[in-house]
Each structure stands twice: as structure tokens, then as C-alpha cells.
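Take a look at the letters that make up each chain.
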Amino acid sequence: MIHASADARALGLVRAVVFGLWFVLLAFDSFEQIALLPVEAFEPYGVLRLIPDGAWPHLLTEPVLFTIRLTLLAATLAAALGVRGYTAFATIAAIGLTFHQGASRGFAHINHAQLPLLYMTYVLAVYPAADGFVLNGKEKHGRKEHYVFAMRAMMVIVLFAYTTIGLYRITQSSPEIFLGESMLYSIGKNTHRASFYGMQWGSLVLEHRFLLPVINLGYFIVTLFEVLSVFCLVSRSFRWMWLLVMVGFHLSTLFLMNLLFWHNLILCVVLFFEWEPLLKRLSHETNR
Amino acid sequence: MDKPGVASHVGFVAMRVSLPFDESRNVRLAFLVLLGVTFVGLGHYSVSRLGAHRLVPYVLEAIAMLLFTALIVRSSEIRAGFASLGRKTKVFVITFGVLLCLGQVIKVNGATFPLVAWTMYGKIRVEDPAPLFYWAIHDDGSRSEVVPPHVFPTLSNARIEHMLEHQYQRIQEASPSERRVKVDVYEASLRALLRAYATSRPDQDFDSLEVEQCHVPLRTYQGPESVTCELAWKISLDEEEAG
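In order, the protein sequences belong to chains A and L.
Using the working numbering, the letters of the first sequence map in sequence onto residues 1303 to 1590.
Using the working numbering, the letters of the second sequence map in sequence onto residues 12 to 254.
It should be emphasised that the hints constitute simulated quantities derived from the structure, not laboratory data.
For each residue, glycine too, the CB sits at the ideal point set by N, CA and C.
Example chain L residues on the side facing chain A (calculated, C-beta under 10 angstroms, incomplete): (1) Glu72; (2) Ala75; (3) Glu88; (4) Gly97; (5) Asn120; (6) Gly121; (7) Phe124; (8) Thr130; (9) Met131; (10) Tyr132; (11) Asp139; (12) Tyr145; (13) His173; (14) Ala199; (15) Leu204.
Partner residues aside, some chain A positions facing chain L, computed with beta carbon under 7 angstroms: (16) Leu1338; (17) Gly1404; (18) His1411; (19) Ala1415; (20) Val1428; (21) Phe1451; (22) Ala1463; (23) Tyr1470; (24) Arg1471; (25) Ile1479; (26) Tyr1487; (27) Ala1496; (28) Leu1508.
Straight-line C-alpha distance at most 20 angstroms; calculated EDC-like pairs for lysine to aspartate or glutamate: (29) A:Lys1446 to A:Glu1578; (30) L:Lys245 to L:Asp216; (31) L:Lys134 to A:Glu1478; (32) A:Lys1440 to A:Glu1578; (33) L:Lys245 to L:Glu223; (34) L:Lys245 to L:Glu184; (35) A:Lys1446 to A:Glu1576; (36) L:Lys245 to L:Glu221; (37) L:Lys245 to L:Glu198; (38) L:Lys99 to A:Glu1447; (39) A:Lys1440 to A:Glu1587; (40) L:Lys193 to A:Glu1342.
With the rest of the complex left out, here is chain A (with noise of 0.2 angstroms):
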């Protein structure tokens, strides 16, 4: 099974990558600017409704979004350098990372993009992720099974994202939507919608018709790799097969559908290798 020899040095490498992805986030992403929106838009969901209807109108200001941002890009940088008092850095983190993803999705609906990060960062707080690649690089060494199961732990849940949609699509809307214009709705609606890429390419598919077929196809087969995506854990080379559909697929609903998941792939690139002797060599060499 994958990361049968992941050590503190791996985990820490993702933990790095992720917080160091929610960083970049947060940097570029001018998220008190939901403060422009009419609050009577806003509707709180899941654990956000724990928080009191009354706090919103005061929640949802420029300066305390900003604040929690310039708070969440400290606690997000000082846990992806792994710098002491990580787990009290991740947590924070895990917690207004929450808040943060509830608050602009309800201005809106609840989309996916980001979600698996979110999952992770979860993970990443309750295990030793600073033991190794750390700023410091004073490692310590833990159990090794722990290293282990939190990188499988992060695998299982990015892989079930991916079963669960499959399976749904199987279970609820097969085959009719393997068959039919279902796809043919969602690229002419993305195609022709004011959007952030502006990709025009699924024009394409819509003025020659004879390429639907083409598209269901390839449809489905994404499906069954979805479906299947938990043989990733113990198959080294369906983790290839897997791994080359899902770039294809993401790229594909950038030019399509103007849809982009790249915080996505990028996890599947760091989940899905084991970065163990890679970083024994970089570590012979530097104490060279």
C-alpha cells in the first residue's frame, strides 16, 4: 500500500504544501471584499449557524474580515514553516480557515473547490506534521505509524471525494446521462456565462454535434475512474492511469466548461507520490 515508508519529513512536505497553498490563498484572495455584499444575501451554513444571527452585520465588516485574514495568513505561514507551537498555529488555522470558506459560500452556494484542502488542513492539526521539513530543521521522530496513517488518512479523503461523485452520478442518473445532452448543458451554460477564464472552447463541441459522443465517452470513463479511485492506494500503476485521467479531466473543464480545480491537482501530485527517498538523497547532499 502507498507510504508504507512515509516518515516525519513527507508528512511535514505536505503540510508545507498545504498550508503553504492556503498562504498563497489568502494572499491573493481579497476576501474582506465580501463586505460589499448586503448582509440580508448572507446565509450561514452547517457549523457557521452556531454562531448567533445578531453577530453577522458585525462579523461581515471590512476590518474584522480583514483582520481575520492578515490573522489566518500568519497562522497559515508559521504552520508551513513548521516554526514551534505548530498545533496551536494549525488549529487556529483549521478553525478560521472554516469560517473563511463558510462566509464567502454563503453569499453564494456551496461549491467544492477547496474543500479537500480544508479536510487536510483538519488532518494536519491533529497529527505531528512539524516533526519534519521544518524551518529549523531540528526533526523530531515519532512514531513512524502515525506519519504513515496521516498520510494515508489525507490520501482516503481526497480518493472519496472523487468516489462519491462517481458513485452518485452512477446510482442516480445512469445511464441516460452517459447517453443524452446532459454534458452538452453544463458546457454551453459555462461556455456562455460571464466568467473567470473566458474560455470560448466549448463552442467547439456545441456547433459540431457529432463531437457529443465523443465527450459522453470520455464522460464516463472519468466516472469509472472516479468510482474506482480508491485502488489508487494499493495499485502503483492504476495511481498512474488515475492520475493522468484527472489532469485530463481538470484541464479539459478549464477550456470547456471554464472551471479550474488546480488547489486540487496539485494535492493529488503530492499525495500521490512517495517523496521519502527524494528527500533522504536532498538531505545526504546538504550534509555533504
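Given chain A, put chain L in place with the hints provided.
Positioned in the frame of chain A, the structure of chain L alone reads:
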């Protein structure tokens, strides 16, 4: 070594699921899972044709999910790793795992966030898309397109577009008594969009924001020119100032 038959493999999956570690067995097991999933899909198709209860697909999905969870939980390596954890970490793992599965089964994302259901692109669509476009109208009558995710990048990946579409949809579906409130929320959101757009263009003066609803004819599509649009909504900045 005896070669196991298909029946023993099916039994292996259904009764004594555990992850095998050699590649050839993985491939065979993967094919069996695929076969099972195909049956689930065809089963769903048959029951939907027979007018079965609407909960049947959800039950099928829950069973399939249980099978996959069992595949992971029954793995000896995963179990050994779990056994090595401290008590608090074990509680975290179990709670997180259960909530993750519940979020998927319950499918009420508003209640279970951040552990939500993963159902994207799983609904059958037969209608034509009717997207909305936003235009800032200048004082001289000319117009420029407002791309909401460019104005609110924090709500990109279709979040702000969904918000505005959802608010517009709610007005269409509202009863006469609810309509005023929904209109107020929608117009306040549109004004916020125009104001934020105008902030980044201090040298330009804007008079109003127009919303166009377009129709994308999927069956007769002949390029972007076959898309037809009509004015769906208009807000003026003056009205707010006057009000």
C-alpha cells in the same frame, strides 16, 4: 495455487472485503467492482422505468458507499495504523469519517457544511441553458460588460454567478407577498456589483446596471450569434441615491 472462481471473488468482495496487495488481484477486483457498479446503474435504470420509490437510488448509493468504506476499513495495514493511534486521535478519525459519510448520505449541504455531499454534474439535464450577463451603462449610454468573478475574485469558480442567478430565480418563483423582499436583496446585490466595478474604474461614470438573460439553443446552435438575449433587469444608481 488454486485459481479462485468468479463466485469466490464476488463473495470476497461482499463478505470478506479487504484490500489485496498484489497487482493482478487488484485488477480483477477492480473489474468486479466495475461490474457491480454497472449492475447498480442498470438496476437504477430498471427501477426508475418501473416507477420505483424515489429513495431507491439513494439506498443503492449508500450500499455502494458502504462497500467502499469497508474496502478501506478492512485493510489490515489501515487497521494496524489505526490501532497505533492515541485515544484522542482515534476519536477524531472515527468522528471525521462518520461525518464525512453522513454529509454525503444526507445531502443537505446547508446543514452539514463543511462536510458536504459530492454530487456535481450528476443530474440529467434536458433544457437549454439560460445564463445571465451584466452590463454597466455609462453616462453617455455606452456599455461595458461586467464579469462578476473579476469584480469579486474571492467568489470565483462560479460562486458569485450562482449567487446572482439564484437570487434572480427566487424572484421568479416567489409568491406576491415574498417578492418585494427578494427583489430588494437582488437589487442590493446588483448595486454592490456595480459599485465594486466602478471603484476599480474611478475615471468612468456609471448610470446603471443591466442584466440580460440569454438563451443558448443547444439543438440548433450555430455559433455565439445563435444565442439570443433580452433585458431581464435594470437598476439605476440614482434611484438608490434618491431613495
